[in-house]
Amino acid sequence: NAGVTQTPKFQVLKTGQSMTLQCAQDMNHNSMYWYRQDPGMGLRLIYYSASEGTTDKGEVPNGYNVSRLNKREFSLRLESAAPSQTSVYFCASSEVAGTLAKNIQYFGAGTRLSVL
Amino acid sequence: ELKVEQNPLFLSMQEGKNYTIYCNYSTTSDRLYWYRQDPGKSLESLFVLLSNGAVKQEGRLMASLDTKARLSTLHITAAVHDLSATYFCAVDGGYGGSQGNLIFGKGTKLSVKP
Chain A
1 NAGVTQTPKF
11 QVLKTGQSMT
21 LQCAQDMNHN
31 SMYWYRQDPG
41 MGLRLIYYSA
51 SEGTTDKGEV
61 PNGYNVSRLN
71 KREFSLRLES
81 AAPSQTSVYF
91 CASSEVAGTL
101 AKNIQYFGAG
111 TRLSVL
Chain L
1001 ELKVEQNPLF
1011 LSMQEGKNYT
1021 IYCNYSTTSD
1031 RLYWYRQDPG
1041 KSLESLFVLL
1051 SNGAVKQEGR
1061 LMASLDTKAR
1071 LSTLHITAAV
1081 HDLSATYFCA
1091 VDGGYGGSQG
1101 NLIFGKGTKL
1111 SVKP
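Chains as they are written, first to last, in this note's numbering: chain A, 1 to 116; chain L, 1001 to 1114.
One should not assume that every hint holds.
Claimed, not checked - Taking beta-carbon pairs under 10 Å as the criterion, some of the chain A residues facing chain L (in silico):
hint	residue
1	MET19
2	GLN22
3	ALA24
4	TYR33
5	GLY40
6	ARG44
7	TYR48
8	GLY63
9	TYR64
10	SER67
11	LEU69
12	LEU113
Claimed, not checked - Calculated from the model, a selection of chain A residues having no Cβ within reach of chain L, i.e. all distances over 12 Å:
hint	residue
13	GLN6
14	GLN11
15	LYS14
16	GLN37
17	ASN65
18	LYS71
19	VAL88
20	ASN103
These aren't lab readings, by the way, just hints derived from the structure by calculation. Beta carbons are placed, not taken as given, at the ideal position from N, Cα and C, and that holds for glycine.
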């Protein structure tokens, strides 16, 4: 039972390079999320997808783009990486947003990104 | 803007002692979550609190919710070393009008020493 799978686990980029972080879930969840975690800042929402075919900005979307490829996959792209994007990135998924359900978010193992 | 504040941010405890972590949030919310994160690992769901007065317990951890005070507590009873981790509370922030988007506190790093 894989849950939420993120690739890669580690990445080092030079300033200006681009890359895509991949995320897939096998729990048939409707909603998916991308967060970044910085020391002393908790987790901050970058983008989310409430359902297949929709994406919306979160708290810190600048410098990122996302694609909800299908129900299972939600990717995060850095078009021109900057040192300020050095962080740990977490993907999460939940059953259904906007209901009275518990809506627990399940997290992937994270991608540790360094931008030099 | 919804804000979630945890305190303390750092907590060093001795084994066997009791302590409480506090989570205050700034607007009304239907749901509050507690997560645990071990160093270098992902986040693991501990509790979901869905209504005023809700109390959930698992082992040495007990979480409660007071929606009128906009306060949740995570109480640790007779701490053991295995509880050393960072604990986050998160509130359903309704980001962009869509429920289900969580606003996280900064986390409480708990260290339990012999």
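Results for each hint:
{"no.": "1", "hint": "MET19", "verdict": "20 Å, violated"}
{"no.": "2", "hint": "GLN22", "verdict": "16 Å, violated"}
{"no.": "3", "hint": "ALA24", "verdict": "15 Å, violated"}
{"no.": "4", "hint": "TYR33", "verdict": "7 Å, holds"}
{"no.": "5", "hint": "GLY40", "verdict": "6 Å, holds"}
{"no.": "6", "hint": "ARG44", "verdict": "7 Å, holds"}
{"no.": "7", "hint": "TYR48", "verdict": "6 Å, holds"}
{"no.": "8", "hint": "GLY63", "verdict": "18 Å, violated"}
{"no.": "9", "hint": "TYR64", "verdict": "15 Å, violated"}
{"no.": "10", "hint": "SER67", "verdict": "18 Å, violated"}
{"no.": "11", "hint": "LEU69", "verdict": "20 Å, violated"}
{"no.": "12", "hint": "LEU113", "verdict": "14 Å, violated"}
{"no.": "13", "hint": "GLN6", "verdict": "9 Å, violated"}
{"no.": "14", "hint": "GLN11", "verdict": "16 Å, holds"}
{"no.": "15", "hint": "LYS14", "verdict": "24 Å, holds"}
{"no.": "16", "hint": "GLN37", "verdict": "9 Å, violated"}
{"no.": "17", "hint": "ASN65", "verdict": "16 Å, holds"}
{"no.": "18", "hint": "LYS71", "verdict": "16 Å, holds"}
{"no.": "19", "hint": "VAL88", "verdict": "9 Å, violated"}
{"no.": "20", "hint": "ASN103", "verdict": "5 Å, violated"}
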